[in-house]
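Read off the chains here:
There are 2 protein chains.
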Amino acid sequence: MSRPQPLSGFPELLPRQRIVEQQVVDHLRRAFELHGFANLQTRAVEPMDQLLRKGETSKEVYVLRRLQADARDTSDAELGLHFDLTVPFARYVLENAGKLNFPFRRYQIQPVWRGERPQGGRYREFWQADIDIVDQGELPAHYEAEVALVVADALKDLPIPKVRMHVNNRKLSQGFYQGLGIADTEEALRIIDKLDKIGPDATAKLLVDGVDATPEQAEACLQLAAISSEDTSFVARIRALGVSDPLLEEGLTELAAVVDAVATAAPGFVVADMKIARGLDYYTGTVYEVFIEGEEHLGSVCSGGRYDRLASDGKNAYPGVGLSIGVSRLLVPLLQAGRLDATREVPTCVLVALANEEDRPAATALAQRLRARGIPTQLSPSAAKFGKQIKFADKRGIPFVLFTTDEGTQMKDIRSGDQLTVDVDTWNPPAEDLHPRIITE
Amino acid sequence: MSRPQPLSGFPELLPRQRIVEQQVVDHLRRAFELHGFANLQTRAVEPMDQLLRKGETSKEVYVLRRLQADARDTSDAELGLHFDLTVPFARYVLENAGKLNFPFRRYQIQPVWRGERPQGGRYREFWQADIDIVDQGELPAHYEAEVALVVADALKDLPIPKVRMHVNNRKLSQGFYQGLGIADTEEALRIIDKLDKIGPDATAKLLVDGVDATPEQAEACLQLAAISSEDTSFVARIRALGVSDPLLEEGLTELAAVVDAVATAAPGFVVADMKIARGLDYYTGTVYEVFIEGEEHLGSVCSGGRYDRLASDGKNAYPGVGLSIGVSRLLVPLLQAGRLDATREVPTCVLVALANEEDRPAATALAQRLRARGIPTQLSPSAAKFGKQIKFADKRGIPFVLFTTDEGTQMKDIRSGDQLTVDVDTWNPPAEDLHPRIITE
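As given, the protein sequences belong to chains L and P, one line each in that order.
Residue numbering for the first sequence is 1 to 441, as defined by the UniProt record's numbering.
Residue numbering for the second sequence is 1 to 441, as defined by the UniProt record's numbering.
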């Protein structure tokens with residue numbers, strides 16, 4: 001068997017990179033739980049008819065087939081891998097509605113799959129960390145601010161570049177287009193979504209060609225898209241454009257409330273940005289995109305919105321609002337560029353060295369006493385020369401080596417060379433050495 | 001959209017069940033890290049030629065197809081979902097050999113997929129928690145005892161029924177069959193693997209029919225399979241059967257060493273059991289199966305073995321030994337039977353009640369002060385009547401409700417009804433209320 005090659009679009013991490021990712025995910029989990037979100041995991045697969053119901057993304061589904069499936073065997077519904085965590089969650093809510101308490105808040109950290117062409121920053125398998133709040137019947141608007149604040153809190157102390165949340169409201173944009181006299185407001189929204197990629201001139205042309213806008217209407221759409229503010233001043237600037245429509249008013253009120261609440265509780269985190277549209281077509285109100293400041297061209301590292309019509313069982317609607325952090329999208333480039341690293345590649349804090357192989361049972365018992373007090377410990381692979389055992393620790397970044405001499409049990413800090421006689425039942429490493437830590441470049 | 005139905009073979013958990021599973025997985029992770037195992041995650045997919053190389057299980061692969069794949073597009077290798085975590089790990093080791101330090105120890109907790117017919121205790125998607133130690137060239141035998149001890153440690157304090165590890169060695173069995181004069185020892189092993197399912201008479205018949213055993217040879221195979229012991233006394237009992245073979249001797253020595261080391265460090269955990277064979281054909285020495293005591297008929301909840309020939313790049317071999325805990329197999333039946341539950345269905349410890357909706361920003365700030373000290377806190381969905389807000393907490397098992405009166409900030413334990421004036425910057429819940437806990441029936 002020759003050496004296998006990586007699969008394009010399926011990033012995998014080395015152990016020390018994975019330690020960074022794991023600690024980031026732990027941090028997110030802790031933040032979500034501090035805000036009362038319960039964890040869920042849904043299966044990787046959904047029936048194809050579910051996956052094909054909504055949005056552009058559904059075209060990129062991976063379809064499954066059992067290798068042993070019998071051609072005559074039609075008992076299995078056709079299954080595909082989920083392409084996000086929102087569609088499976090909406091299905092889970094419908095399936096289990098009778099057993100859940102609403103409003104229901106959950107977080108979910110799982111991989112998703114998209115069968116698209118791999119390219120810079122795009123993966124075929126990647127991890128997302130989602131939070132959502134779903135209610136039965138009506139979803140109070142204050143949750144639109146709350147999920148933004150949870151994400152602000154979760155991203156706050158991570159070793160990542162500064163990020164900022166751009167927020168808009170689809171009612172605002174579509175109401176504005178409607179007030180202008182554009183009929184196909186959904187298509188207009190899809191065209192505006194391309195603005196950052198194709199520029200204003202091409203966007204204006206698309207609006208004229210695609211939704212029969214007059215050049216003046218197209219220009220007004222671009223004027224709207226150019227408006228942004230860190231406070232609610234966007235409202236007056238939009239009103240100054242002279243368009244009026246009831247849906248626009250609704251959107252203005254909702255967006256102002258979100259921006260006001262988020263700016264108050266997390267100053268500097270949010271910006272109202274009228275060019276945010278979002279590709280997925282299940283959003284019905286507030287939409288969010290989080291960018292690394294100064295690197296907006298890399299695309300959003302977190303996004304989401306409010307969806308009022310994703311889940312309904314005929315009797316009840318289950319409107320929701322949520323945000324999805326692109327864990328792989330955020331971390332893989334930083335890890336691959338070496339901008340994030342771990343202090344060591346193993347959890348091990350102490351290596352127990354062996355003078356000879358017969359000592360292994362005694363050394364095993366010694367190691368277990370350290371573990372009982374929460375100190376990650378492993379044994380030397382062999383009773384090699386002491387220098388070789390030190391090198392084993394050094395190569396992995398294990399800071400301490402324990403060994404026994406006539407003077408008793410010795411603990412050596414292999415970085416400083418300091419050596420102390422210790423009592424294994426009371427010795428503790430410095431707090432910063434107990435577990436690997438994340439270091440930034 | 002009507003209510004979706006569960007997919008057979010793809011178990012999903014309710015929030016309070018997931019809290020149990022999450023805490024069990026956290027416990028396993030902590031145990032593995034205390035023993036110096038670093039975490040890895042491999043992609044869900046492998047090229048089909050990799051997946052079809054080894055073992056019975058490979059027949060149950062789920063094959064993937066991109067919905068948008070072009071029939072003329074042959075650039076993508078055919079991919080399938082992994083059916084275990086050992087094959088992907090062996091591939092990862094080969095692919096990254098130059099960047100890893102050997103012996104390399106890792107744990108991996110991920111779902112695996114098998115496209116088999118779902119039936120009692122069998123799933124199409126299920127979670128496994130694997131540990132493995134892989135070396136370059138030669139793998140020291142002491143790791144065969146070590147991985148068993150790590151699993152003993154990891155399973156020790158879990159809220160599960162008592163388990164016991166049954167261990168055998170393929171060299172021992174195959175050497176014995178060889179010494180008897182049976183040529184196809186691998187097939188003989190596969191037949192013995194069925195003993196518990198089909199009984200001794202049918203097994204003897206299969207041996208006569210399948211590997212040309214004489215009735216006497218078949219009887220000797222059954223005599224071997226009947227031997228078990230909690231210490232190394234199995235050695236003398238096997239010798240008493242009067243078969244001699246160099247491979248048998250090797251197996252006896254290796255198995256005696258494992259049983260001796262494990263029985264010393266974890267008394268009562270291990271039993272040498274000559275009928276253990278294991279279905280996967282990549283094992284070459286020690287094999288393990290862990291059963292719930294008294295419920296061996298449910299099948300093993302953890303299994304593994306030593307594999308000397310799974311990974312090789314022509315220049316180097318990468319022999320390994322590992323064990324895989326069937327997280328879903330162990331927990332899903334206990335959860336579905338209600339034998340394990342959580343004290344509450346949310347992480348939330350404190351609900352902040354609202355006197356009116358205008359208080360939400362102030363309540364948000366108050367909640368954040370509790371969170372800053374690690375106390376999971378959420379706000380009331382609305383400023384409903386106080387009794388309704390208490391009911392909201394009660395339905396979810398949230399133990400404390402915080403609210404503000406003229407006499408200051410009040411904390412109410414809704415179980416006892418006790419109410420205290422508190423300082424939110426110093427108040428702490430009893431330690432057992434901070435997070436949900438697992439309760440057993």
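Any given hint could be a false lead.
As the list makes no split between identical chains, a pair holds if one copy fits it or if it spans any two.
[As the list claims (entries may be wrong)] 27 Å max Cα-Cα, derived DSS-like pairs, lysine-lysine:
#, residue 1, residue 2
1, K315, K59
2, K391, K205
3, K315, K391
4, K99, K385
5, K315, K388
6, K391, K99
Hints in this document: simulated from the structure, not taken from any laboratory.
>> So, against the hints stated earlier in the document, which numbers end up violated here?
In response: 1 and 2
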